[in-house]
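S.K.: These are the residues of each chain, in order.
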Amino acid sequence: NAGVTQTPKFQVLKTGQSMTLQCAQDMNHNSMYWYRQDPGMGLRLIYYSASEGTTDKGEVPNGYNVSRLNKREFSLRLESAAPSQTSVYFCASSGPGGLWYFGPGTRLTVT
Amino acid sequence: QKEVEQDPGPLSVPEGAIVSLNCTYSNSAFQYFMWYRQYSRKGPELLMYTYSSGNKEDGRFTAQVDKSSKYISLFIRDSQPSDSATYLCAMSAGGTSYGKLTFGQGTILTVHP
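From first to last, the protein sequence lines are chains A and B. Numbering-wise, the first sequence is residues 9 to 119 according to our numbering. Numbering-wise, the second sequence is residues 219 to 331 according to our numbering.
Check the hints yourself; a few may be wrong.
Computed spacing ranges between beta-carbons, pair by pair [to be verified]: (1) S271(B) x T23(A): 47 to 53 Å; (2) P232(B) x M49(A): 27 to 33 Å; (3) D64(A) x N273(B): 33 to 39 Å; (4) S271(B) x M49(A): 25 to 31 Å.
Simulated from the structure, these hints should not be mistaken for laboratory data. Positions of the beta carbon are idealized from the N, C-alpha and C atoms, including for glycine.
Start from the sequences and build out the full structure, keeping to the hints where you can.
M.R.: Below, the structure is given as C-alpha cells:
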C-alpha cells in the first residue's frame with residue numbers, strides 16, 4: 009500500500025515549456041486534489057476532483073489544467089510555464105471519514 | 219483577511235518543553251479540524267483529527283477545538299528534537315469523502331536538545 013505517489017520529484021522548466029505532473033493513489037478514494045505550497049502561504053488548492061469524471065477549480069487555478077484519468081490517477085498540466093509557478097506541488101486524496109493523505113511532492117522551478 | 223490564520227513562528231523550545239500551537243478561523247461552517255506535521259522536503263502527514271468542538275489526545279499530542287471562539291490548538295508535551303517540523307492546521311466544512319481543506323500558513327517548530 010503506497011498511499012499517494014507523485015512523479016517527478018523534481019523538475020526544472022524554462023518559461024513557456026509545458027509539463028504534466030502525475031499522481032496516483034491506491035486507497036480507493038473518490039476525491040483527489042492538487043495543492044501548491046509557497047513560503048508563508050501554506051497550501052493552496054489548485055484543482056480538485058470529487059469523483060471520477062468530475063473536476064473543479066480551487067483557489068488558484070489559473071495557468072493549470074487537470075485530468076482525472078480514472079479513479080486512481082489525477083494529473084496536473086502546465087501548458088506554458090511561468091516563473092510564478094515555481095513552487096512545491098502536492099497531490100492529495102480523501103476517502104470516507106474525511107481524512108486527507110498527501111503525496112511526497114514535486115519541486116518545480118521555472119526559469 | 220484569510221479564512222485561517224496561523225502564527226508562522228518560528229518557534230524554538232528546549233527539549234522537554236510543552237509546545238502550544240494555535241489557529242484562528244473565520245468560517246463558522248468548518249466542522250473538521252486537522253493538524254498536519256511536515257518535515258523538511260516531505261509531504262504533510264496527518265497528526266490529529268477532530269470533529270466539532272472538544273479535546274482529543276494521542277500520546278504526547280492533544281488537540282483542542284473551541285468552535286464558539288473559532289480557535290483550535292495543538293499541544294505537544296515533553297517535546298523531542300524529532301518533533302522539529304512545520305505544523306499546519308487545516309479545516310473543512312465537508313463531512314464526506316468530498317470536501318476542500320483550508321490550511322493555515324504553518325508554524326515552524328524547532329526543539330533543541
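S.K.: Run every hint past the structure and note whether it holds.
M.R.: Hints, one by one, checked against the model:
A beta carbon spacing of about 48 Å between S271(B) and T23(A) agrees with the range 47 to 53 Å that was offered as a hint. Look at P232(B) against M49(A): about 30 Å separates their beta carbons, and that is inside 27 to 33 Å. In this structure, D64(A) and N273(B) meet the distance hint of 33 to 39 Å, their C-beta atoms being roughly 34 Å apart. With their beta carbons about 28 Å apart, S271(B) and M49(A) fall inside the hinted range of 25 to 31 Å.
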